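K.L.:
Read off the chains here:
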Amino acid sequence: MSVYERLEALNIALPKLTPPVAAFVPFLRSGNLIFLAGHIAKLDGQPWVGQLGANLTTEQGKNAARAVAIDLMGTLHAAVGDLNQIKRILKLMVLVNSTPAYTEQHLVANGASEFFAEIFGEIGMHVRCAFGVAQIPFGACVEIDLIAEVDDK
Amino acid sequence: MSVYERLEALNIALPKLTPPVAAFVPFLRSGNLIFLAGHIAKLDGQPWVGQLGANLTTEQGKNAARAVAIDLMGTLHAAVGDLNQIKRILKLMVLVNSTPAYTEQHLVANGASEFFAEIFGEIGMHVRCAFGVAQIPFGACVEIDLIAEVDDK
Amino acid sequence: MSVYERLEALNIALPKLTPPVAAFVPFLRSGNLIFLAGHIAKLDGQPWVGQLGANLTTEQGKNAARAVAIDLMGTLHAAVGDLNQIKRILKLMVLVNSTPAYTEQHLVANGASEFFAEIFGEIGMHVRCAFGVAQIPFGACVEIDLIAEVDDK
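Protein chains in written order, with our numbering: chain G, 2 to 154; chain R, 2 to 154; chain Y, 2 to 154.
Honestly, the hints are just simulated from the structure, not real lab data.
Honestly, I wouldn't trust all of these hints.
Straight line, CA to CA, 25 angstroms or less: simulated SDA-like cross-link-like pairs of lysine to any residue [said to hold, decoys possible]: (1) Lys-88/G with Asp-153/Y; (2) Lys-88/G with Val-151/Y; (3) Lys-88/Y with Gly-32/R.
None of the values given here were measured: they were computed from a predicted structure.
Just chain G, same shape as in the assembly:
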């Protein structure tokens, strides 16, 4: 199965690229590396507002992280044109909007990590850094940035 067939089997439609709301770009390529801007969690097209430890459960946070991963996949598709050219999802940085007492950022981050592994298989297995931040733009509950590697051409 190709990446697109797996997405379709899961009934996932990749979102269209939305222009950043500020003075930056959604992706850039340098050599074989693709850098994606930080993507915040969205629900029905609006920032997915909330804080883990306050008003969101770990399960909700995990779903939010998965939603971000789907948006990142949409941006990756826009960046490379064909997701089958991705050689490796290299690195995720997963920021979890957290109270000072919430310590399950790794479980929240799994919502994104497991999605990439599910869609890409071995190629989707990445290194990761997940931690709790004081806040995220627009009050979103999760923000993720990503580095991927593409094949030489």
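Following the hints, position chains R and Y against chain G.
P.N.:
Coordinates of chains R and Y only, in the frame set by chain G:
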């Protein structure tokens, strides 16, 4: 106009490189990538102390982010010798010292992003990750690190 | 002295690679870059729990950062097979579990930075970004991720 002419037109003097106060270096090159250490905001040569949501406005935070961008530009100049050799500002990570209720980190970060776009044009347009942190060394209000790409030689 | 002789002179045994507790991998290579996942501080094999500014001193935080650096070195060894092939420790991102009032993240981070300089000399001198985060998985006091460069082959 060259990068230096634009800086002069804005009456901006690049700071001299200041040695890190700890056991690390201000920049490193690997292949075509230049990695800059995290730079904290300074005011009159001292840490620009404050927290967004507590004792600094978004406009003040944006000015602080612009000040960091000028310092980063000074370090980039020291790293490459000639800023016109910069091929692309690739990525900023913008850390905003934030209370748990402050959610305008993206507006603060624009102070840096808009500066790079202003000086470098298209080459200055980067991917970005901005978020709120619990604290920053010396109590500074903003910290930014940067990755740039230089031309092959 | 080789890297391994310096480690032995300091009576440091590199830990065996421990598999991540979540859906990611501990290291990946892309071109000449090695990306390491975020490593949390451990004490006697368990998460080194605590928060700077609350229940840990700067000196304790610095020791925790040094412990993370030793674990990162173990992972680097697993990644490259021979630490003498490391061309440069490029970058550390040092996350310090901090109260909103704690501002000595740079001193905590020195525990890791000084270790890499001690073991690798000039090659161990890196760029660094250190800051205070709201929380870290499992309540750990410090988390660090790392990018290193290896020689062409």
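K.L.:
Take the hints in turn and mark each one as holding or not.
P.N.:
Results of checking the hints against the structure:
Restraint check for Lys-88/G and Asp-153/Y: satisfied, since their Cα atoms lie roughly 20 angstroms apart, inside the 25 angstroms limit. Among the hinted pairs, Lys-88/G with Val-151/Y is consistent with the structure: their alpha-carbon atoms are about 20 angstroms apart, no more than 25 angstroms. For the hint linking Lys-88/Y to Gly-32/R, the alpha-carbon distance of about 12 angstroms falls within 25 angstroms, and the restraint holds.
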